[in-house]
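A.B. asks: Required output: the full structure, derived from the provided sequences and hints.
There are 2 protein chains.
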Amino acid sequence: MTQETDRGVAREDNALLAALPTRERNDVHRSSQLFTLEFGSKILDAHTRSQYAYFPIRGVVSLVRTLSTGPTVEVGVIGNEGMVGVDIFMGGPAQLNDAIVQGQGSAWRMTAEHLLARFRRNGEVQRQLLRFTDAFITQVSQTAACNRAHDMEARLARWLLMMHDRVAAPQIRMTQQFLAHMLGARTASVNEAVQKLEAAGVIGHRRQEISILDRAGLEAMACECYGIVRRVYDQAALN
Amino acid sequence: MTQETDRGVAREDNALLAALPTRERNDVHRSSQLFTLEFGSKILDAHTRSQYAYFPIRGVVSLVRTLSTGPTVEVGVIGNEGMVGVDIFMGGPAQLNDAIVQGQGSAWRMTAEHLLARFRRNGEVQRQLLRFTDAFITQVSQTAACNRAHDMEARLARWLLMMHDRVAAPQIRMTQQFLAHMLGARTASVNEAVQKLEAAGVIGHRRQEISILDRAGLEAMACECYGIVRRVYDQAALN
DNA sequence: CGCGTTTTTTACGTAAGCGTAAGAATCCTA
DNA sequence: TAGGATTCTTACGCTTACGTAAAAAACGCG
Numbered sequence: 006m007t008q009e010t011d012r013g014v015a016r017e018d019n020a021l022l023a024a025l026p027t028r029e030r031n032d033v034h035r036s037s038q039l040f041t042l043e044f045g046s047k048i049l050d051a052h053t054r055s056q057y058a059y060f061p062i063r064g065v066v067s068l069v070r071t072l073s074t075g076p077t078v079e080v081g082v083i084g085n086e087g088m089v090g091v092d093i094f095m096g097g098p099a100q101l102n103d104a105i106v107q108g109q110g111s112a113w114r115m116t117a118e119h120l121l122a123r124f125r126r127n128g129e130v131q132r133q134l135l136r137f138t139d140a141f142i143t144q145v146s147q148t149a150a151c152n153r154a155h156d157m158e159a160r161l162a163r164w165l166l167m168m169h170d171r172v173a174a175p176q177i178r179m180t181q182q183f184l185a186h187m188l189g190a191r192t193a194s195v196n197e198a199v200q201k202l203e204a205a206g207v208i209g210h211r212r213q214e215i216s217i218l219d220r221a222g223l224e225a226m227a228c229e230c231y232g233i234v235r236r237v238y239d240q241a242a243l244n
Numbered sequence: 006m007t008q009e010t011d012r013g014v015a016r017e018d019n020a021l022l023a024a025l026p027t028r029e030r031n032d033v034h035r036s037s038q039l040f041t042l043e044f045g046s047k048i049l050d051a052h053t054r055s056q057y058a059y060f061p062i063r064g065v066v067s068l069v070r071t072l073s074t075g076p077t078v079e080v081g082v083i084g085n086e087g088m089v090g091v092d093i094f095m096g097g098p099a100q101l102n103d104a105i106v107q108g109q110g111s112a113w114r115m116t117a118e119h120l121l122a123r124f125r126r127n128g129e130v131q132r133q134l135l136r137f138t139d140a141f142i143t144q145v146s147q148t149a150a151c152n153r154a155h156d157m158e159a160r161l162a163r164w165l166l167m168m169h170d171r172v173a174a175p176q177i178r179m180t181q182q183f184l185a186h187m188l189g190a191r192t193a194s195v196n197e198a199v200q201k202l203e204a205a206g207v208i209g210h211r212r213q214e215i216s217i218l219d220r221a222g223l224e225a226m227a228c229e230c231y232g233i234v235r236r237v238y239d240q241a242a243l244n
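Protein chains in written order, with the working numbering: chain A, 6 to 244; chain B, 6 to 244.
Hints listed in this document are in silico derivations from the structure and should not be mistaken for laboratory results.
Mixed in with the good hints, there may be bad ones.
Because identical chains share one entry, a pair is satisfied inside a single copy or across any pair of copies.
Once the Cα atoms are required to be at most 25 Å apart in a straight line, the calculated SDA-like pairs of lysine to any residue come out as [unchecked claim]:
| no. | residue 1 | residue 2 |
| --- | --- | --- |
| 1 | K201 | E158 |
| 2 | K201 | E224 |
| 3 | K47 | A190 |
| 4 | K47 | M179 |
| 5 | K201 | T74 |
| 6 | K201 | R211 |
As the structure is a prediction and not an experimental result, all values here were calculated from the model.
C.D. replies: Structure below.
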């Protein structure tokens with residue numbers, strides 16, 4: 006099971022691209038540039054048609070929705086297994102999420118035109134991208150249900166696991182304030198949950214950092230949503 | 006603005022199909038059967054690859070996720086403007102929602118094979134279906150944020166408006182118990198919200214039925230999520 | 001028309017999480 | 001190493017909604 010060995014280990018290339026036939030893959034690489042995902046930067050704006058698509062090699066990008074009354078809520082997380090900018094080939098007028106870099110790393114970046122051309126020309130590219138998009142829909146659906154049904158502690162545990170799957174280290178760097186924005190809650194609420202997980206011995210934490218100490222334990226404290234989405238992505242990766 | 010006149014009025018055909026070139030549209034119709042959407046019936050099972058796609062002519066279908074701990078949560082609503090079964094062409098292993106008929110009516114039903122063949126063969130069919138799917142992603146995303154940020158009353162108002170847009174009459178028939186399943190809440194909580202909206206004079210209600218009395222008023226009590234999603238679908242419909 | 005069933009309504013104690021804000025710890029820089 | 005800034009932690013009252021459950025109302029069938 007590569008699932009185990011993959012965890013917390015840096016990958017060489019974006020998995021979506023890696024799954025393409027060599028010819029197509031090279032073609033995609035030729036028309037892409039390596040792009041540095043800088044922590045906290047916004048690579049995609051709400052209410053704007055995406056100019057670029059990003060295929061993360063390492064690092065994590067969050068799709069975040071900002072409500073007019075102030076609060077922000079993360080609706081999806083994308084790393085090595087996927088891409089940012091599906092609206093390009095899905096053809097919608099404009100997507101409504103900001104894409105924010107949560108974990109620094111790098112990505113292949115491609116213009117919308119290039120991506121669209123390749124999507125249209127090659128059936129395998131298309132198949133691969135749509136399959137990922139379908140898995141992504143599942144992630145967002147699950148998040149919708151999760152946000153309604155599960156409490157802070159379980160959702161925090163889930164979020165940490167999702168990050169852990171997508172970054173190289175067991176340390177996750179970000180302020181609790183930032184985390185609160187992702188989980189759509191107060192900093193104080195997040196802090197409370199962090200302390201509970203720490204008391205349970207599954208994580209450690211200090212300023213700007215949370216580290217996973219006991220992954221299995223953390224999984225036990227997370228809601229089912231983690232495993233469900235994880236499995237869908239794993240399946241999608243099996244071609 | 007057809008938006009106004011369309012409200013609460015039965016449409017002649019599914020809008021997605023209606024937007025296709027005549028040739029393709031006829032082809033689709035030939036390979037479809039008229040199917041009766043019966044209230045409460047489940048037309049699609051979670052954890053199963055969809056056998057059929059449904060293009061509602063009238064009526065409403067809810068996509069509902071059931072969590073292992075019991076609660077159910079609606080993640081999306083589909084009517085005349087869209088279709089049920091996008092997983093067929095998106096290529097995922099299996100989607101995780103049940104599709105339940107909320108408002109009775111009829112739909113064109115097509116086998117997965119037929120749909121897939123047409124999706125692959127014709128660019129316009131493909132474009133149309135993907136565009137709808139993109140709008141649907143927006144709906145689910147918004148629902149994810151909404152479930153985190155907005156209270157019962159606003160969410161109930163939103164839900165009623167979504168139903169009202171998709172059924173012929175201002176009366177909406179269903180038990181509050183059913184409604185509770187959609188909103189992922191207790192019957193008692195729903196009841197409380199119903200009474201608040203009634204006290205505000207925007208709806209009336211009796212056993213098994215809620216009627217919209219003051220649409221503008223109801224919109225004012227709903228969260229922004231209603232308008233946001235509505236606008237995205239309206240835009241998508243403009244080709 | 002009466003009785004059983006379904007649906008709605010009310011009730012009560014409890015818990016989670018909010019808004020607000022102030023205090024404590026940590027870090028950075030001069 | 002001191003002062004300022006950032007981040008984390010604690011606090012308090014309050015609101016929403018939960019779990020549970022029982023009473024009331026509406027309906028439908030015989």
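A.B. asks: Hint by hint, note whether the structure agrees.
C.D. replies: Verification of the hints:
no.: 1; hint: K201 x E158; verdict: within (8 Å within a copy, 31 Å between copies)
no.: 2; hint: K201 x E224; verdict: within (14 Å within a copy, 40 Å between copies)
no.: 3; hint: K47 x A190; verdict: within (21 Å within a copy, 35 Å between copies)
no.: 4; hint: K47 x M179; verdict: within (15 Å within a copy, 44 Å between copies)
no.: 5; hint: K201 x T74; verdict: between (29 Å within a copy, 22 Å between copies)
no.: 6; hint: K201 x R211; verdict: within (14 Å within a copy, 45 Å between copies)
Hint compliance for this structure: no hint is broken.
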